[in-house]
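Participant: Residue strings, one per chain:
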Amino acid sequence: MTLTEKILAAHSGRADVSPGDIISIDLDLVMANELSAAVAITEFRKIKGATKVWDRSKIALVPSHFTPNKDIATATLSKMMRDFAQEQNIEHYFEVGRGGIEHVVLPENGFVGPGMTIIGGDSHTTTYGGVGAFATGVGSTDIAAAFATGEMWLRVPPSIKITYEGSLRSFTSAKDIILATIGQLGVDGAIYCALEFAGPVIRELPISGRFTMANMSIEAGAKNGIFPVDATTEAYCAAVGKKDYTIYYADKNAEYAQSTVIDCSKIEPQVAIPWLPENTKNASDLNDIEVHQAVIGTCTNGRIEDMRQAAEILKGRKVHPRVRAIVIPGSQKVYMQCLKEGLAEIFIEAGCVVSTPTCGPCVGGHMGVLADGERCISTTNRNFRGRMGHVKSEVYLAGPYVAAASAVTGHIAGPEQLGKPVAA
Amino acid sequence: MILKGTAHKYGKNVDTDVIIPGRYCNLIDPVELGKHALEDLDANFVKKAKPGDLIVADTNFGCGSSREVAAVALKGAGVAGVVAKSFARIFYRNCINTGLPIFECPEGVDGISDGDTITVDADQGIIRNESTGKEYKATQFPKFMQDLIAGGGLLNYVEKRLQEKAARTT
Chain A
1 MTLTEKILAA HSGRADVSPG DIISIDLDLV MANELSAAVA ITEFRKIKGA TKVWDRSKIA
61 LVPSHFTPNK DIATATLSKM MRDFAQEQNI EHYFEVGRGG IEHVVLPENG FVGPGMTIIG
121 GDSHTTTYGG VGAFATGVGS TDIAAAFATG EMWLRVPPSI KITYEGSLRS FTSAKDIILA
181 TIGQLGVDGA IYCALEFAGP VIRELPISGR FTMANMSIEA GAKNGIFPVD ATTEAYCAAV
241 GKKDYTIYYA DKNAEYAQST VIDCSKIEPQ VAIPWLPENT KNASDLNDIE VHQAVIGTCT
301 NGRIEDMRQA AEILKGRKVH PRVRAIVIPG SQKVYMQCLK EGLAEIFIEA GCVVSTPTCG
361 PCVGGHMGVL ADGERCISTT NRNFRGRMGH VKSEVYLAGP YVAAASAVTG HIAGPEQLGK
421 PVAA
Chain B
1 MILKGTAHKY GKNVDTDVII PGRYCNLIDP VELGKHALED LDANFVKKAK PGDLIVADTN
61 FGCGSSREVA AVALKGAGVA GVVAKSFARI FYRNCINTGL PIFECPEGVD GISDGDTITV
121 DADQGIIRNE STGKEYKATQ FPKFMQDLIA GGGLLNYVEK RLQEKAARTT
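For the protein sequence lines, the chains are A and B, in the order given. When we follow this note's numbering, the leftmost residue of the first sequence carries the number 1, and every step to the right adds one. When we follow this note's numbering, the leftmost residue of the second sequence carries the number 1, and every step to the right adds one.
FYI, nobody ran anything at the bench for these hints, they're computed from the structure. Fair warning: this is a prediction, and the values are worked out from it, not measured in the lab. Every residue, glycine too, gets a C-beta built ideally from N, C-alpha and C. Possibly wrong hints are sitting among the right ones.
Straight-line alpha carbon distances no greater than 25 Å define the calculated DSS-like cross-link-like pairs of lysine-lysine that follow [as the list claims (entries may be wrong)]:
| no. | chain 1 | residue 1 | chain 2 | residue 2 |
| --- | --- | --- | --- | --- |
| 1 | A | Lys392 | B | Lys9 |
| 2 | B | Lys12 | A | Lys281 |
| 3 | A | Lys392 | B | Lys48 |
| 4 | B | Lys160 | A | Lys46 |
| 5 | A | Lys392 | B | Lys47 |
| 6 | B | Lys165 | A | Lys46 |
| 7 | A | Lys48 | B | Lys165 |
Negatives, chain B to chain A, calculated, CB over 12 Å [to be verified]:
| no. | residue |
| --- | --- |
| 8 | Thr6 |
| 9 | Val31 |
| 10 | Gly133 |
The whole structure should be built from the sequences, with the hints applied where relevant.
Facilitator: The following block contains the structure:
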């Protein structure tokens with residue numbers, strides 16, 4: 001069995017499972033944000049016989065998308081979730097100011113670990129595959145059902161194995177690798193499948209980079225993306241206080257629907273141009289594209305390692321006069337760490353906004369919505385039409401190095417294309 | 001159940017952001033959501049679509065966000081069903097859970113043009129293009145999903161599971 005199949009078998013009380021089997025799995029963690037929770041709570045209330053959630057210690061509720069609330073409608077959604085958390089005595093509720101973006105908050109608080117089954121009312125729940133969990137996004141009614149039963153039915157996905165060979169070039173990050181992968185697979189290349197990441201480059205990758213890659217598995221249509229557990233994973237779990245987990249390994253004779261090898265030595269910093277994440281190009285080939293805004297942060301690239309990459313570029317440099325650069329640490333912890341390390345100062349000196357943690361601009365919600373004809377270079381995960389605002393605005397996806405470099409030059413640029421920083 | 005209406009045809013990778021843009025994700029009411037269905041893909045859709053019409057699309061329909069309001073918005077706009085070559089997986093589950101009929105049928109999609117009148121026998125999965133007289137068979141749902149749909153959807157299934165659990169513990 002593959003790594004995904006091993007975890008699903010163990011959580012469905014079966015000796016083995018095969019792709020296509022429809023099984024019911026026991027869930028270790030169920031997550032929702034204020035958008036998915038509001039509908040889930042409404043559905044939960046309709047279930048006869050469900051007055052209490054199945055396990056108040058295995059549910060995490062995180063206001064993140066339109067928070068701090070931008071208007072009355074979104075404040076109402078947040079209030080619904082807050083009231084439900086109090087009523088059900090939910091152990092893990094992260095109020096504004098004590099949390100941030102769910103996919104940054106849950107790992108750093110030790111809630112996700114190897115071998116777990118996790119569903120979330122957010123498509124980027126795939127992020128937790130970074131530590132070897134089976135994690136997938138679902139809609140609100142599935143969340144309501146999980147609140148009541150702690151179970152979910154699913155079809156066992158075939159697995160696609162992607163092996164990353166070679167070594168990373170300078171200024172090429174996990175984001176560039178996953179963008180290149182989606183460029184190769186296509187946005188439906190892994191539809192209904194699991195992605196299993198492997199190879200020497202993966203073994204060298206810090207957990208933050210693994211989260212970035214697992215996060216975007218959904219952009220290839222995958223049900224989940226998963227990394228093998230190794231010493232790096234175990235060190236991460238120890239650091240965040242994650243205990244009591246089970247490590248599963250793929251069998252040597254596991255069957256994969258497809259196996260692909262990607263040579264990372266050939267991957268330059270990447271940019272995905274509108275309107276799909278599969279439209280990947282080398283950043284250095286897009287120098288004639290002017291940008292008006294840069295967003296650095298979110299569930300894809302809002303961890304401290306991402307902030308350090310952006311700061312490395314922005315230190316001693318200035319954001320281009322035409323560009324608004326918006327830096328969004330993914331959580332209060334990341335924000336605090338930015339302050340301690342002097343990164344916030346670097347960003348502000350450069351002329352960036354440093355925002356409270358929020359999903360805001362990524363979903364065209366608030367804190368950086370685009371007008372007609374505006375163009376943004378962004379470390380987010382989707383560049384669909386109208387994603388960040390006006391239907392005629394454009395989002396170009398990139399990693400923190402490229403987003404920061406482009407903020408400085410005013411057009412899409414790789415870090416190697418920058419001049420020397422001014423004396424700080 | 002027989003569905004009959006005009007086909008509104010779209011291409012590949014119709015994402016949930018164009019089905020219902022993020023700026024409307026602060027809404028819950030199906031009718032309000034329906035007013036903005038497909039707004040960023042086809043601003044005329046809501047004006048031209050009549051209740052009971054169907055959407056016909058290429059591969060990976062509903063890719064992107066987990067927002068269940070995408071399925072709800074289509075229903076709110078009066079869409080009776082979606083025929084596509086393939087569906088993104090979260091959207092697929094959301095349609096089953098919200099009761100929006102979906103049909104996977106690559107040949108049917110190729111054989112239907114924008115504006116054709118189509119009839120769908122939802123129980124048999126037979127799609128008939130009334131404009132050409134041709135018939136197509138949609139991929140059958142696995143047995144479990146058929147039972148789930150026939151049993152009144154996920155919440156009814158959950159109620160049964162809760163009863164089973166209660167019976168085991170008493």
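Participant: Against the structure shown, which of the earlier numbered hints fail to hold, in ascending order?
Facilitator: none
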